[in-house]
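> Listed here are the chains, written in short residue letters.
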Amino acid sequence: MLNKPCTVDMKVCLKSLHLINPTVLTSGVLGVSYSLMKRVEEAGAGAITTKTITKEPREGYWNPVFVDLGYGYVNAIGLRNPGVDVFREEIRRAKKIIRIPIIGSVGGRDLDEFVYVAEEMLEAGCDSLELNLSCPHVSGYGGDIGSDVELTSKIIKEVKSISEKPVSAKLSASHAKKNFIEKYIDAGIDIIAAINTLRAMVVNIDSMTPVLSNIVGGLSGPCIRPIALAVIYDIHREFPDIPLIGVGGVEDWMSAVEMILVGASAVGIGSAIAKKGLSIFKEIVKGLEKYMEEKGFRSVKDLTGYIHRN
Amino acid sequence: MVLRDPYIPATIIEINQLTENIREYCVKLDKSIDPEPGQFAMIWIPKVGEIPISFADWICEEKIAVFVIARVGKVTGYIQENFKTGSKMYVRGPLGRSFTIREGAKCLLMGGGYGLAPLYYLAKKLLEKKCRLKIILGFKNGSDVFYVNKFRVLGDTEISTEDGKIGVRGTLIDVLEKVMNSERYDMVYACGREELLIKIALICNAKNTPLEVSMERLIKCGQGVCGTCVIEPSGLLVCRDGPVFDGKILLEIKNHSSENFTRSIKIVCRGASDAK
Numbered sequence: 312m313l314n315k316p317c318t319v320d321m322k323v324c325l326k327s328l329h330l331i332n333p334t335v336l337t338s339g340v341l342g343v344s345y346s347l348m349k350r351v352e353e354a355g356a357g358a359i360t361t362k363t364i365t366k367e368p369r370e371g372y373w374n375p376v377f378v379d380l381g382y383g384y385v386n387a388i389g390l391r392n393p394g395v396d397v398f399r400e401e402i403r404r405a406k407k408i409i410r411i412p413i414i415g416s417v418g419g420r421d422l423d424e425f426v427y428v429a430e431e432m433l434e435a436g437c438d439s440l441e442l443n444l445s446c447p448h449v450s451g452y453g454g455d456i457g458s459d460v461e462l463t464s465k466i467i468k469e470v471k472s473i474s475e476k477p478v479s480a481k482l483s484a485s486h487a488k489k490n491f492i493e494k495y496i497d498a499g500i501d502i503i504a505a506i507n508t509l510r511a512m513v514v515n516i517d518s519m520t521p522v523l524s525n526i527v528g529g530l531s532g533p534c535i536r537p538i539a540l541a542v543i544y545d546i547h548r549e550f551p552d553i554p555l556i557g558v559g560g561v562e563d564w565m566s567a568v569e570m571i572l573v574g575a576s577a578v579g580i581g582s583a584i585a586k587k588g589l590s591i592f593k594e595i596v597k598g599l600e601k602y603m604e605e606k607g608f609r610s611v612k613d614l615t616g617y618i619h620r621n
Numbered sequence: 004m005v006l007r008d009p010y011i012p013a014t015i016i017e018i019n020q021l022t023e024n025i026r027e028y029c030v031k032l033d034k035s036i037d038p039e040p041g042q043f044a045m046i047w048i049p050k051v052g053e054i055p056i057s058f059a060d061w062i063c064e065e066k067i068a069v070f071v072i073a074r075v076g077k078v079t080g081y082i083q084e085n086f087k088t089g090s091k092m093y094v095r096g097p098l099g100r101s102f103t104i105r106e107g108a109k110c111l112l113m114g115g116g117y118g119l120a121p122l123y124y125l126a127k128k129l130l131e132k133k134c135r136l137k138i139i140l141g142f143k144n145g146s147d148v149f150y151v152n153k154f155r156v157l158g159d160t161e162i163s164t165e166d167g168k169i170g171v172r173g174t175l176i177d178v179l180e181k182v183m184n185s186e187r188y189d190m191v192y193a194c195g196r197e198e199l200l201i202k203i204a205l206i207c208n209a210k211n212t213p214l215e216v217s218m219e220r221l222i223k224c225g226q227g228v229c230g231t232c233v234i235e236p237s238g239l240l241v242c243r244d245g246p247v248f249d250g251k252i253l254l255e256i257k258n259h260s261s262e263n264f265t266r267s268i269k270i271v272c273r274g275a276s277d278a279k
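Listed in order, the protein sequences are those of chains A and B. Start counting the first sequence at 312; every next residue gets the next number (our numbering). Start counting the second sequence at 4; every next residue gets the next number (our numbering).
Just chain A, same shape as in the assembly (with noise of 0.2 Å):
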């Protein structure tokens, strides 16, 4: 243990990309237009993930397209958003009022549609690129592309030749595996967020209906934290160098803390919005300031993986 420090850096880096602290709003939560990103840099976030965008528009599902359960939430928007051409204006328009790095979320069904929207959203001038490889209620998007180990390794190897700024990927809990990653390194994955929602349905007995219009979606909230933490940990005990965003059931200081000490240098937040509002960004790092400084940990850095080493 160190001696106990007074300032504490909350500044952390994920390869090339400068975070002032380690929350990051997920992609599919809020950032759909440039107002609502500035809120979220308002509120606290250190870095900002926009909604998937793939080349077409999609208008998404019908409702019910959201269900707070208590202990999660299942969702099945449907990669609801307005296509890359429409998308690019948006962040552009973000791009002049926002200083905290703005990662854009690409989705896609093959491999051009993928290196198209990512091209696009580099030139509106995104900060970063994360492939979404994991949206598990969308057919032919997300979660399909990823379990398709080869496509998604050339997908990646693609995008990065294309792109001087940072890419990540994030995955679903299922493809986060030794072998899987291992490939995405060599095609040269800079950063790992997982997890995505996991696949659900919700029923409801009264009217012995599905809740959601297209009856299976993804659960979210601190119910799959305790998923989201055993994968970074193998993550992170096997690529000890790759910057990892934890993703999964943050609601508070103390979850961001967790994920950091099995390994992840960033933290997302998402679904936690809907429970906390927007102030959950400053809560957070106000709270895990204060952890680290009665632990007496310099920085972020420190930190991450903490669990690994002791």
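The set of hints was computed from the structure by calculation and includes no laboratory data. Incorrect hints may have been included.
Within a straight-line C-alpha distance of at most 25 Å, the following computed PhoX-like cross-link-like pairs (lysine-lysine) qualify [as the list claims (entries may be wrong)]:
#: 1; chain 1: A; residue 1: Lys-494; chain 2: A; residue 2: Lys-471
#: 2; chain 1: A; residue 1: Lys-586; chain 2: B; residue 2: Lys-34
#: 3; chain 1: B; residue 1: Lys-153; chain 2: B; residue 2: Lys-31
#: 4; chain 1: B; residue 1: Lys-251; chain 2: A; residue 2: Lys-349
Add chain B to chain A, keeping to what the hints say.
Structure of chain B alone, referenced to chain A:
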């Protein structure tokens, strides 16, 4: 039955035809929810869809909610065609921010078309707080008029119709200008189409009178996470920061990119109605 998700089963106990296109549904909930005026519920019809509807009334002792539903889209069409007394719907809520009520205030309530429904519950709550009410209701045609007698019981009520069949010929803006020139109000509350609300906001701003409005956008999650119902350029969310906002929000709304966002996926920004 123990609830395992946010949906409260509710049984329709009465349906009233208000106009050709609008019906009032009185539904008895299995659980008490106690909404504030201006708040809304998401009404889920299994296998059909889910829509946001403001509370037109809430009878606490009997757990009865009143919803005014105009036939404008898939879900509202389904409700009007298929639902009878005894039919079941599921209610998630109350959601959103309510109107603010100041005890003893002199209040002006303005509602246009079927959007006036939440003002009825507000008017009742204002009277409980000893407020004095002036009510202006505007409709397109005489055949669109509803709820007028219910409002008359609660306060001095004036009506406008564009065809002049009932009340003043014109829009409620015509009545508002006349009323605001002769009287000062502590608070103005307004519901209705956004073009109308913008006009009301300009008048209230010029008269330096506080205004609260109920706004509409397409609502998806209803809990402030998906961002669909954003109002530009403020970044405020109708489902969470609203639906009731300070009227000043209307003065800053411009044709911004959120409209491109929604328009490009063939949903008009204003159109909570499109999803209904």
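> All hints are to be evaluated individually against the structure, with a verdict given for each.
Evaluation of the provided hints:
no.: 1; hint: A/Lys-494 <-> A/Lys-471; verdict: holds (14 Å)
no.: 2; hint: A/Lys-586 <-> B/Lys-34; verdict: holds (22 Å)
no.: 3; hint: B/Lys-153 <-> B/Lys-31; verdict: holds (21 Å)
no.: 4; hint: B/Lys-251 <-> A/Lys-349; verdict: holds (20 Å)
In summary, this structure violates none of the numbered hints.
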